[in-house]
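**Student:** Each chain, written out:
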Amino acid sequence: DSGVTQTPKHLITATGQRVTLRCSPRSGDLSVYWYQQSLDQGLQFLIQYYNGEERAKGNILERFSAQQFPDLHSELNLSSLELGDSALYFCASSPSGGAWGNTIYFGEGSWLTVV
Amino acid sequence: SQKIEQNSEALNIQEGKTATLTCNYTNYSPAYLQWYRQDPGRGPVFLLLIRENEKEKRKERLKVTFDTTLKQSLFHITASQPADSATYLCALVGSNSGYALNFGKGTSLLVTP
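One line per chain: the protein sequences are A and B, in this order. Using this note's numbering, read the first sequence as starting at 1 and increasing by one per residue. Using this note's numbering, read the second sequence as starting at 1001 and increasing by one per residue.
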């Protein structure tokens, strides 16, 4: 158990809908990272928050957004969903502002299926 | 563009043998390189971190080498066991990801008894 909690574990929704994925980082960790993993693309970095502020942005679509709340939990919002958004979404956390020389700890992921 | 390349073909080896996985990268100047293990449907788990000034690092049956001239890391599992079967991911901090890790697509290892 990494200490990173993600909900829901599984989600099935229709195209065009909007969903919210939730992440609670490990106790004391200030950084939260979101990744998307699909079979053909591998693990793709989406966005990072550090202590409530956006720190880095990767290949995140404009239809996706995220935020980190004062209690450090984070939410990833996915809207206008398309079939291609079906993937496993991971949240990870680390104590400091980045993975530079530091381990990051992954949750078990949220499986999103868009039908 | 920055790339992290790992063998896409699965590696099948017999129990007790040494497994060697390769990670090549382009357009990175990494000070650190990390290896993670991922089981199907699970989150990646950190295994080892090696610094640019370390040629080799060991942890139990695991060994990682890091050659910044060749832009390559090798990951070895000695005396492999069926429980080592998983996908192994190489990761680097990229300029396009701020301080976050970019991952290779991973190499699937299957250890048969």
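Source of the hints: derived by calculation from the structure; they are not laboratory data. A few of these clues could be false.
Quick look at which bits of chain A chain B covers, simulated, 3 or more residues with Cβ under 8 Å [stated by the list, open to error]:
no. : stretch
1   : 13-23
2   : 54-64
Distance condition first, Cα-Cα at most 25 Å in a straight line; then the derived SDA-like pairs of lysine to any residue [unchecked claim]:
no. : chain 1 : residue 1 : chain 2 : residue 2
3   : B       : K1105     : A       : D71
4   : A       : K57       : B       : L1049
5   : B       : K1059     : B       : Q1002
6   : A       : K57       : A       : T5
7   : B       : K1105     : A       : G101
8   : A       : K57       : B       : N1012
9   : B       : K1003     : A       : T5
10  : B       : K1071     : A       : G101
11  : B       : K1105     : B       : P1040
12  : B       : K1055     : A       : R18
13  : B       : K1105     : B       : D1067
14  : A       : K57       : A       : D71
15  : B       : K1105     : A       : F69
16  : A       : K57       : B       : H1076
17  : B       : K1003     : A       : T113
18  : B       : K1003     : A       : N59
19  : B       : K1003     : A       : L11
20  : B       : K1057     : A       : L83
21  : B       : K1017     : B       : Y1099
22  : B       : K1057     : A       : L88
In this text, a Cβ means the ideal position worked out from N, Cα and C, and glycines have one as well.
**Student:** If a hint holds in the structure, say so; if it doesn't, say that too.
**Tutor:** Now the hints, each set against the structure:
1. 13-23: Answer violated; 0 residues pass the 8 Å Cβ test.
2. 54-64: With 4 residues in contact (Cβ-Cβ under 8 Å with chain B), the coverage given for the stretch 54-64 of chain A holds.
3. B:K1105 / A:D71: Violated. B:K1105 to A:D71 sits at ~33 Å, over the 25 Å cutoff.
4. A:K57 / B:L1049: Given pair A:K57, B:L1049 holds - Cα atoms ~23 Å apart, limit 25 Å.
5. B:K1059 / B:Q1002: Violated. B:K1059 to B:Q1002 sits at ~29 Å, over the 25 Å cutoff.
6. A:K57 / A:T5: holds (22 Å)
7. B:K1105 / A:G101: holds (21 Å)
8. A:K57 / B:N1012: violated (36 Å)
9. B:K1003 / A:T5: Violated, at about 30 Å.
10. B:K1071 / A:G101: At roughly 18 Å apart (the allowed maximum being 25 Å), A:G101 and B:K1071 satisfy the hint.
11. B:K1105 / B:P1040: Within the cut-off at roughly 14 Å; holds.
12. B:K1055 / A:R18: This hinted pair is violated, its Cα atoms lying about 47 Å apart.
13. B:K1105 / B:D1067: Holds, because 20 Å separates the two Cα atoms, which is no more than 25 Å.
14. A:K57 / A:D71: Given that 25 Å is the threshold and the Cα spacing comes to 21 Å, the pair holds.
15. B:K1105 / A:F69: Status violated; Cα separation ~31 Å.
16. A:K57 / B:H1076: violated (33 Å)
17. B:K1003 / A:T113: The given pair, whose Cα atoms are some 28 Å apart, is violated under the 25 Å limit.
18. B:K1003 / A:N59: holds (14 Å)
19. B:K1003 / A:L11: Answer violated: B:K1003 to A:L11 is near 31 Å, above 25 Å.
20. B:K1057 / A:L83: violated (42 Å)
21. B:K1017 / B:Y1099: Violated, because 36 Å separates the two Cα atoms, which is more than 25 Å.
22. B:K1057 / A:L88: Not OK: B:K1057 and A:L88 at ~31 Å, beyond 25 Å, violated.
Against the hints set out earlier in the document, violations occur for numbers 1, 3, 5, 8, 9, 12, 15, 16, 17, 19, 20, 21 and 22.
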